[in-house]
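The listed protein sequences correspond, in order, to chains A and B.
Take the first sequence: its position 114, counted from the start at 1, is 117 in my numbering, and no numbers get skipped.
Take the second sequence: its position 59, counted from the start at 1, is 62 in my numbering, and no numbers get skipped.
Hints in this document: simulated from the structure, not taken from any laboratory.
There could be a bad hint or two in this list.
In this list, chains with the same sequence are indistinguishable; a pair is considered to hold if it fits within one copy or across any two.
[Claimed, not checked] Within a straight-line C-alpha distance of at most 27 Å, the following computed DSS-like cross-link-like pairs (lysine-lysine) qualify:
(1) LYS16 - LYS164
(2) LYS274 - LYS360
(3) LYS126 - LYS192
(4) LYS274 - LYS417
There are 2 protein chains.
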Amino acid sequence: MFESAEIDHVIDKATFDAEEQVLREALLEAQYALREQSRHAVIILINGIEGAGKGETVKLLNEWMDPRLIQVSTFDQQTDEELARPAAWRYWRQLPPKGRIGIFFGNWYSQMLQGRVHGDLKKDQLNGAIEGALGLEQMLCNEGTLIFKFWFHLSKKQMLKRLETLKDDPLHSWRLSPLDWQQSKTYDKFVRAGEDVLRRTSRDYAPWYIVAGADANYRSLTVGRILLEGLQAALRNSAERAPLPHTTPLMTRTDERSLLDSLNMGVHLAKADYREQLVQEQARLAQLMRDKRMRRHALVAVFEGNDAAGKGGAIRRVAAALDPRQYRIVPVAAPTEEERAQPYLWRFWRHIPARGKFTVFDRSWYGRVLVERVEGFCAPEDWLRAYGEINDFEEQLSNAGVVLVKFWLAIDEKTQLQRFRERENNPVKRFKITEEDWRNREKWPLYREAVGDMVDRTSTRLAPWTLVEANDKQFARVKVLRTINDALEAAFEKARH
Amino acid sequence: MFESAEIDHVIDKATFDAEEQVLREALLEAQYALREQSRHAVIILINGIEGAGKGETVKLLNEWMDPRLIQVSTFDQQTDEELARPAAWRYWRQLPPKGRIGIFFGNWYSQMLQGRVHGDLKKDQLNGAIEGALGLEQMLCNEGTLIFKFWFHLSKKQMLKRLETLKDDPLHSWRLSPLDWQQSKTYDKFVRAGEDVLRRTSRDYAPWYIVAGADANYRSLTVGRILLEGLQAALRNSAERAPLPHTTPLMTRTDERSLLDSLNMGVHLAKADYREQLVQEQARLAQLMRDKRMRRHALVAVFEGNDAAGKGGAIRRVAAALDPRQYRIVPVAAPTEEERAQPYLWRFWRHIPARGKFTVFDRSWYGRVLVERVEGFCAPEDWLRAYGEINDFEEQLSNAGVVLVKFWLAIDEKTQLQRFRERENNPVKRFKITEEDWRNREKWPLYREAVGDMVDRTSTRLAPWTLVEANDKQFARVKVLRTINDALEAAFEKARH
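Next comes chain A alone, as it looks inside the complex:
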């Protein structure tokens, strides 16, 4: 979930200065239109890691826009007046009216996270808090409020580096607060709890936006653009009272660096190494599947990837390790008539393996947010709500002991072209390449964006995505097998504790 925010994003000063000017004007204009129209209030929730630029961004938003139409509320210690009333009262009294923007610095999510980190909020109590938060947000959205939820992120390394740099700098060490030091100790717990809460509270009507916080230029432009696009979309829809206020793209690409670009596509495995490692990992898988601890788990592997990325070959190498009675491969193509008569997750639920068993999905429920999104096979509101539905689905699997591994096999455009040509010239493989593959290829940028959103929104601790560099098929196959084995071992280990 935080993967995209942990790769380096940097915007240089010249670019920033140029873009800032345009953004400011547009934001100001949107802000006045918002006031003019007076149909929507805006709430901006600020959460995330200390030092990731939360305060600076709020300051900046007030500089960029008309601060008279913005109210910033902080919710630290409850006042006497607040303590004497129901917990939500403090939020209600600070709600911005229609036409205005309210920035909630420290909010219901901060309280959940503090509670989880310090252990005074039990897991089951968290359910109640989440139910309450979603109820409140859904009601506010139904009443016309636009909710932007920002998580400012730093990787652990970035966070530690910041502390190191600042602490010895007499001019800047005052910037470090006790909170910074406290958080450096609880970082892992905090991020873990954050991921859990974000996964369960990112809904189509009020999605989370995760912002890489290390570079000030990058994060400022990112927040500004998300806000701008969200406001503009709402203003457009408002006249017709469209059902969904949030039609903003899920992730604004402030720079051109996505998770997929951060892969080293040059990795390569020599033939001899491949043979040795493949046999080794296959043996390991065979053993793990026969382990008696497997009786308490099931295994699900999802294969997605570019056309001609080698999914089929990778799946065959996995299957080769196993007794056919242990696994089942489910190839996912266009739904059958029976499947079309059901909710889209139905055709995957029916193939969920029993404990002790293994199902390989050759393409999967992610079709909803990939091909169906890109090709327009479903409406935007349908794929927008799918991220939350899929996370719920996978949480249910995980809670029942299913070990879930998800692979995106990535190749670059050049490699794909090469493979397409090879297939066309090979009489045995010719059937594998169709007109549709060539058409899909033209939509490369759209798929790239969809894959980015998918990974950002559905890669979770319970069910992480593994991006596989697949220009070299041998490397890819070994990585796939090793990832499955590592996941099984980790699950066995965890169950022991």
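Got chain A sorted already, so can you dock chain B onto it with the hints?
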């Protein structure tokens, strides 16, 4: 919540026979149209009290409609296959396809209720179960499924009477199952848990319908009509893909008996008794408000009622008992400009009393489901979702120690006319009667229906409605004061345990 279902509803055989014929044909027609259109699946959840006609109704629905297009699923013990998979798998595999009806006899709610009654589901765990159920239902609705949730009800008295009658009847005692006897012992717990779960899971997209189960004719017609109207509304909306599949009226009135009719409007309090009891209850209130246990509570009293029912007079008698620093009266009229710029609950949240204090709302948030509904000041989807939002709101108050009493002051049409005339002829009171009052009077049946739905949907253990027979003002005033006092005392008592 169960109040309406606990008054006697009886449909005689002749009426039933006549109506049944019409209903059957219409249901069958709707069923075929559903199959033809093939855009919606229907799920009917069957829950409630043993002996309230659950099985009989399911049997009847299969007789009335084409049983080939209905699949009945029971979910008792999990099978081996089910135990080996995530808990929801058993429901997914039984989902009806589009165009069909699935009846789920024993379902996710039965499991929650059993768990609560037998104590193996903790209160916090219930939150997780409810979150899961609502997530599933919302997703299904988004995918085009119509969900009807029926709770078949018997009052405790009705339930015990049934057991008594059947047990000594050699011809019918076989009808009693071990479940019946078990439930007779856990009735209170079961109904309490039921109310809690129903309150929290009745949503606009999948509301609960509570059906009085004692009379077979009544309950059969009621279920049949709700189903019919729901199906017809969905079929109508389906072409235009309207956002809300459930546009069926909340409560089908199978007979003309509503809760309001069950009031004995002839009750009367003699002047001497009134004076004595009034002083007594006022003294009691003054004392309770000064009780040190009041420091942990706040008090909110909501006054709604027919025009000229005497709300003002009753409120004055309450206030007369108190020090003005202890209470505050909030008269609710049309919202101010500031209030219109906020979610509709905002203007009530701002007046929520601090602990130790008392707020009287002269009209309240129930305007949303009364005047706004009847006059069309808000869209149907807005007041339909309000029941759930109001229940959430009141639950938050209650959890924070607020004691909530809600009064509906009821007079009959004749009495209202009389009072209107008196007001017109009285120079001092003349300002109290306007054109609008006369117009409202013409909408008496619409208000009557809205009041019925309001009480059915929002009278809960946490925040019960008290219907006050107000033809006699003196009786009404004493009943109001006594109800407040009893509620405070009960809260103090409860807090002690």
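Quick one: which hint numbers does this structure break? Sort them smallest to largest. Hint 2 alone not satisfied by this model.
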